[in-house]
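For chain D, the structure is supplied; the task is to place chains A, L and F on it using the hints.
There are 4 protein chains.
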Amino acid sequence: MRRNIVHPGAGKLKYEIREIVAFARELEKWHIPIIWENIGDPVKKGEPVAGWIKDIVREKAGEDNSYAYSETEGAREAREFLADRVNRRKKISLPGKDREEYPNPVTISPEDILFFNGLGDAVAKVFGFLRREARVLGPSPAYSTLSSAEAAHSGYEHLTYRLDPQKNWMPDLEDVEFKVKYNDSIAGILLINPDNPTGAVYPTEVLGEFVRIARTYGLFIICDETYANVIYGGAKTAALSQIIADVPGLALRSLSKEVPWPGARCGWVEVYNRKVDHRFDLYIRSLLDAKRLEVCSTSLPQLCIPAIMGDPRYADHLTRRAAVFEGRAEEAAAAFTGISGISLVKPRGALYATAVFDPLTMGDEKQEQTRYLPVSDPSLGEFIKEKITGVAPDKGFVYWLLASTGICVVPLSGFASDLPGFRFTLLEYDDEKRRRIYKTLAESAQEYLMPRSIPKLGLIL
Amino acid sequence: MRRNIVHPGAGKLKYEIREIVAFARELEKWHIPIIWENIGDPVKKGEPVAGWIKDIVREKAGEDNSYAYSETEGAREAREFLADRVNRRKKISLPGKDREEYPNPVTISPEDILFFNGLGDAVAKVFGFLRREARVLGPSPAYSTLSSAEAAHSGYEHLTYRLDPQKNWMPDLEDVEFKVKYNDSIAGILLINPDNPTGAVYPTEVLGEFVRIARTYGLFIICDETYANVIYGGAKTAALSQIIADVPGLALRSLSKEVPWPGARCGWVEVYNRKVDHRFDLYIRSLLDAKRLEVCSTSLPQLCIPAIMGDPRYADHLTRRAAVFEGRAEEAAAAFTGISGISLVKPRGALYATAVFDPLTMGDEKQEQTRYLPVSDPSLGEFIKEKITGVAPDKGFVYWLLASTGICVVPLSGFASDLPGFRFTLLEYDDEKRRRIYKTLAESAQEYLMPRSIPKLGLIL
Amino acid sequence: MRRNIVHPGAGKLKYEIREIVAFARELEKWHIPIIWENIGDPVKKGEPVAGWIKDIVREKAGEDNSYAYSETEGAREAREFLADRVNRRKKISLPGKDREEYPNPVTISPEDILFFNGLGDAVAKVFGFLRREARVLGPSPAYSTLSSAEAAHSGYEHLTYRLDPQKNWMPDLEDVEFKVKYNDSIAGILLINPDNPTGAVYPTEVLGEFVRIARTYGLFIICDETYANVIYGGAKTAALSQIIADVPGLALRSLSKEVPWPGARCGWVEVYNRKVDHRFDLYIRSLLDAKRLEVCSTSLPQLCIPAIMGDPRYADHLTRRAAVFEGRAEEAAAAFTGISGISLVKPRGALYATAVFDPLTMGDEKQEQTRYLPVSDPSLGEFIKEKITGVAPDKGFVYWLLASTGICVVPLSGFASDLPGFRFTLLEYDDEKRRRIYKTLAESAQEYLMPRSIPKLGLIL
Amino acid sequence: MRRNIVHPGAGKLKYEIREIVAFARELEKWHIPIIWENIGDPVKKGEPVAGWIKDIVREKAGEDNSYAYSETEGAREAREFLADRVNRRKKISLPGKDREEYPNPVTISPEDILFFNGLGDAVAKVFGFLRREARVLGPSPAYSTLSSAEAAHSGYEHLTYRLDPQKNWMPDLEDVEFKVKYNDSIAGILLINPDNPTGAVYPTEVLGEFVRIARTYGLFIICDETYANVIYGGAKTAALSQIIADVPGLALRSLSKEVPWPGARCGWVEVYNRKVDHRFDLYIRSLLDAKRLEVCSTSLPQLCIPAIMGDPRYADHLTRRAAVFEGRAEEAAAAFTGISGISLVKPRGALYATAVFDPLTMGDEKQEQTRYLPVSDPSLGEFIKEKITGVAPDKGFVYWLLASTGICVVPLSGFASDLPGFRFTLLEYDDEKRRRIYKTLAESAQEYLMPRSIPKLGLIL
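Residue numbers (my numbering), protein chains in the order written: chain D, 1 to 461; chain A, 1 to 461; chain L, 1 to 461; chain F, 1 to 461.
In isolation and in its complexed conformation, chain D is listed as follows:
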């Protein structure tokens, strides 16, 4: 070919959650059976899709309309249903508090909802059609799809505020406010609630602070609410629409993790206070114009939304699942209790737990050369030693863990974070297997950090 067609940004698209898969596949020649703890797909991990939900989908699949294009914005009946749901959200009350009340929730119309082919598609457009010079401040650790999108749109590395594992992964709000105040390129704040990968759920007061900062400095808010219906452990929070008052904002929602139906690629954006700012409105319009070139998003899942989410069984379904995840979160936390050099904040939402290594211990350069986990074959040990040259310390652990135990987790460094650690899922459906996984993870982490006097070797078990 006479011209180079490779985009200069080609090598920069990183999605560790799926890239680790390619590495795991390389271990096949040593016949290591892989236990996939990297990706948040409840169905693949054994959760059956409820029969009544499948019945609804089958029924819709019998109607011709489900095969047709839908409106570019999304099927009208789905948008009407969802707008109505938003508009029924309650005002947050503050019993016994003397500061000013929370605001009335915002209400929206069906025109304020835009469907996408999953939130990955939504995020690509939400960031891709932002003006290059309008930055969005997001969390660290961060879900890679979001952080990569902000980095790609701006040409800079992703701009982040700190989530603090010492404080149950709550955001460092002083860091947020100072960054906003002293960096006037920031046009918006991104939050994920419940958070992926940390499992944190933000109390209403924390959300209120985000809104206060956005209003004070004239920003808009993007809130990823993928896991809004996966909250447990008594966590109290609010939807963005309940707290945002008059600040322009977007909430991102999806069928993926709560039905669960990740294969639907059906997510939507709820737009709040669209008319408050002329340029915000123009921006939202550009998202719709971009979508129009792709005609529409997948019809069938949209058409199922009113029937599934409007079904009286749906609330129970969500409650039951929350209880399940609460139990698993406790198991995960228990497994890491008493393990030195690594800690785990018990998740209160979403489908993941994140263990963080003590940075000092992990960063000890003298020890770094001696770390390993036992493997079944010396050639596998040699292979891993070669592969971890120059990679982040937590990725080194993840590689050894894979080789030693077959468990595939995601290094925290793959989530735009400086903290060493790893994320695993709460999804394994087989109770005994899940508990064994958590125990193995905790013990492997401890073993990995153990000071050793001899250089690391791929010892045979």
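Be a bit skeptical, because a hint or two may be false.
Heads up, the list lumps identical chains together, so a pair's fine if it works in one copy or across two of them.
[To be verified] With a Cα cut of at most 30 Å, we get these calculated DSSO-like pairs of lysine-lysine: (1) K439 x K346; (2) K54 x K44; (3) K275 x K387; (4) K275 x K29; (5) K14 x K275; (6) K91 x K167; (7) K346 x K44.
Think of the hints as simulated: they come from the structure by calculation, not from any bench.
Relative to chain D, chains A, L and F alone:
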């Protein structure tokens, strides 16, 4: 908001096929019932989805796996099925021809197939991840999603070669070759076969010329084969894989128009000769990396592909549909026969017909001021006259047509074309209604061009 | 022309100091004689060039070598002379201070000096060849050439720290440090010492703080030292090289304002600690590569540098001029003493004084409609009233001032500042005329702010 | 430093004419005396500056005004003088020709002239302020400053038309027209007349064809007329202003090569038909706005222009120089006559001659390994052999030539050309030395191409 967040390219995303809808909706206050001839959705126009196909989908919707994520590249079973289909394509024979033979068809592996959420998603990534300085030469008229994508990726207007209505909409191959030769920024050629909007189907020799030009000048080829299974009227053509030999190329395919299942948003790219050029391979890898950030494409339709397309009834299904469209193409052509000032090449593939006004008659500036079609209410005539100020001449016709007859077609100027004309569909399922539509279109066009001595008015019918 | 050739950034290049001239010229039809107080050209304002300096230039103009190209970096003899001058700078002592000592001055070689066609050329390249994502934090008010260059290179508005007129225009160092800390796109800090337009001269401790911040956060420093030899009023400061220690930095110097020889377009960059950081070195090399495409900078002035600046009379020349400017700075300060609603910090370096209106008084919207200065002809008043619609308040004053008195000053809003005010020069050579100018400026400002009950009119004097 | 500040385009700024100097300097350790034939500086090569011209400069250097800023556009008296000169240019007559007459020359006002700090500065702005998507088609070979500027502004490689050494380096006008016709991103055409590096002078008919193409396709013209007063050998040509009629255009002129005064960095742009196209006018205004940020260009040389160029002795001065260069051009041509494998078109303008190797002979890969020139020291031979790995074939010759003879020329591959060859100057003032240089060049080229059976070695002379 303290910063402008609107992207400078925001106003440039144009998709006339859906934008005309907004205009049509404005006519509601005059109670004009709209006949939608603008968009290529067979299901919305009444074509029933085959019972056996719906049965397959319903069955798959009963399996948990259909709810899970699929591989980023697409479900393995679908890719294996499709790769096998490609590999069974026959060598094109050339009986009685003395020039050198056509090459062997290329074969591919499942890794050479990438699924997307419909071809709109595929096109956005195929162009979005091309290096900015690598241009793709495409047809004019052109399907807007393709032309907008090339324009957006390069920062220039879309670069086009001419399809000639005087020669059955065949490409002006001299124009193609000279543009390629004298503009070294061109890295690839785009063709649509069968073509949208013209309905042209390229003979194998024409495809061979595209391949020869690509090989001579070191280009890659993108062939949109959305309508590859919607060919009729005895047209002979070839799949790109049958003719491309050793040139790097992409074919774009989809379930939308042949099942038909446009609401699936399920399309895929077949990559040919990926390893022939290192940079082509890197480019393809960047498409996969981009997709990975969105995890995967919609699972259910992918999982249905082997069952639907591998069903023995599928071939008959396609044949039967082709016969139907052939009949409608003849009806359309007949309706425009003998109408002066406008011509229509009988389509031989895809779902559309395109009528072209005689540019001299249409462009006659003296007449321009007097053109109109009769409408039911003077205020509607006033409204249309105001709206057509400054718009392209064929869009003027489309607006009057809407007001006068309620038929909604797409102006050819909305397809990156300088020729005045309009596209309508072959999709109306009701035979009588369809014939009446075609007759009305032809008569309205004739009436519109009629020389008048008085200024145009919104006369009452 | 078939294509639009106008750059999208075309309208954004603003240089108020010269644009005000175009406005002043429009007043010619009212026969207003203009007194140019806008531009810093000592020669145009009557300062004679010293005879002995002209003798040196004439002598060099007799040598063929002065007509030849010089080296791209600049004439070797000039670079050797200047490097030697840098290397003779003394260590700053801190008698009686208990904190740690100032560092040793850096030394450089002739290779660390690059000549440009004046500092405008230098600034265009220093910013133009910075990576787009590497921002430079600079002062507000700011000299327009610098702020426009940073804005153009980054695509954002210029990023600024505050100079505080309440504190003798000293930089708000907390603002500097917080912006650096919370905005990690900042790669460098710009300072102007002595400052244009404020006349501030930074004490060594302030410079030391800039260096501390740069070292702490890993930044480089750009110091515009155009006026380094025009310091008076007992101000104590240091050259950047005396204080920068091991931080990478650039000092910008010029013949323009001290010989004075602005028409020479002869400025140079001194590079400090080039080898401390590999990327800093690469960046400096790219400046030289860019200059090489223009071959070299003007030869004759470079060749005169050793003879002029090395002449024993040069030190006296600088001392004598400093005394002159000190006197004029006192005159300017005296003129504004006791004037309410406007204040002026007595300059201690450079060639300008900046008067600042009280923002509350100036911003009083009720009064805004009634402000004017008396003019000689009602049509002139009408003209001014029309021209000030939508312009910054201080620009409104500047226009009325021109119309009323013919004195042309530059509004402070033209210096990337939110403060209302104006800059005028200390350059008028005719003592009586100069005092009259200062008096008129102060009185006009006072009259302009005077509360009035009637709407503003172009009253005849 | 915490951020990377190096611009991604940093390594792409290439100026072979000066870069070869760095290589030559590396040979110093073998004590090779260098003969600089690479750069077009008449003064450095011994041409004395005329006494009367130096007298004028000295006189102006005695006037204070020469030390002051000039107007941003340039000193009014210089612009008035030059505009008058343009307006006196005669209409080109066409005795005995039957095709239509040449047009009237365009006339300009002083506002149509903009001064820059040499044409390098002018070229940087002329291309830098063109819209990125407006390409300029220029010659190959090309003067590097121009080709680099076009490449940098567009993000593509420079877009070129062919100058044909078989046809006295005339432009391939068919190539020009086809590229313009089939590449609609082209907004302008660049020509250099007389041409650098080839020494070609374009006959009026050729210029007329450029104008015809520009008018037919709606382009503007940039004509580099640096050497307009260095024409000899009976060449007939025209100034762009004499032939451009109503097409928008720019001529670039300079004092550098005709006074000669390259060290002045004094060049100017003459703008023709500025008001013919609104966007052309806006573009010209953006050049002035850009210059305004640098205040102005060097004053002294501008102020000398009327006195020097208006002096009655100036015409004789130009005639005398032309005769000198004509003689040298003949010497150069004679030296290469009869040398096989290399050819040289006798220059008819400018200060250079370009020898072109027979591409087949030079490109013979078998021979490539055996080529060398004798050097004085085996270690020098080893050094050269190492340095030429991977460099263009003509650069290989240039390196061996330097090592063997000390003569420094510029490879033609450094002028955006695919042809192998080299450029040398007609500037050596010492007659005997110059003839010896030309003889050595021709003989070395012949020796270099000589087929050899043994691998190349650094043989001792």
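Checklist entry - Which earlier hints turn out false for this structure, listed by number in ascending order? => result No numbers; nothing is violated.
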